[in-house]
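Chemist: If you're matching positions, the sequence shown starts at 2 in my numbering and goes up one per residue.
Since the hints were derived computationally from the structure, they do not count as laboratory data.
Because the structure is a prediction, the values reported are computed rather than measured.
Just so you know, not all the hints are guaranteed correct.
Claimed, not checked - For lysine to any residue, the following SDA-like pairs were computed, each having C-alpha atoms within a straight-line distance of at most 20 Å:
no., residue 1, residue 2
1, K180, L154
2, K200, C101
3, K14, L53
4, K147, A137
5, K147, E84
6, K14, N149
7, K14, E114
8, K7, T48
9, K200, L90
10, K180, E114
11, K7, Y208
Unchecked claim - Simulated restraints on C-beta separations:
no., residue 1, residue 2, range
12, Q218, L158, 44 to 52 Å
13, E109, A27, 39 to 47 Å
14, K14, E138, 43 to 51 Å
15, S92, V182, 26 to 34 Å
16, R59, A112, 25 to 33 Å
17, K180, Y208, 15 to 23 Å
Where a beta carbon is used, it is the ideal one built from N, C-alpha and C, also for glycine.
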Amino acid sequence: MELTDKLVLALPKGRILEEVMPLVKAAGIHPEAAFDDPKSRALQFDTNIPNLSIIRVRAFDAATFVAFGAAHLAVVGNDVLQEFGYSDLYSPLDLDIGHCRLSLAMPEDEATEDPREWSHIRVATKYPNLTRQYYAERGVQAECIKLNGAMELAPQLGLSRRIVDLVSTGGTLRANQLKEVEVLTHITSRLVVHRPAFKTRPREISYWIDRFREAVQNGTNS
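Using the sequences and the accompanying hints, generate a full structural model.
Modeler: Right under this line is the structure:
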């Protein structure tokens, strides 16, 4: 795919957007006013940098936009990177935000099982590839049912006794009488770049990697 002259930075909607914006601004990028307007339906925004725009998309889609060259840089959780395994994504920097974990949970009254004794499990999850790979490496066959949300309903309605989902405080699990049984991986958000673009535009993209690295270091040291 031929890339446009203007660099495009893909940012995820939701909680991570709130966490990453201080880093974006510390890196010297300030989006136009419409970016902070809750009434705006725009998805692409100009910034104070003439050759850089921002798109605001779903977290999973941010990786896809960069992997296929529609965006040049993005903020993506390493859960998404592991789930898709896109070869054209290069992750040079851990932004040290979006801390959570991907865990298997099940009803509290059934959570005494030892995962080491499992040979076959059924799991409802947004991460079927990551889940299957994790358990295959442990000799467990994981039958995954793909859900995009409301994972906690799966055990209640008999779809699956086990779920694999993101966990931060564990409050949602407790509210639904579920217990965290096993952590598959710990998650943080990363700055990722499009490998072909990095090869053809190394100076521009390296500049922004360095600006974000400085922002992370200054934030860590403050």
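Chemist: Of the numbered hints stated earlier in the document, which are not met by this structure?
Modeler: 2, 7, 14 and 17
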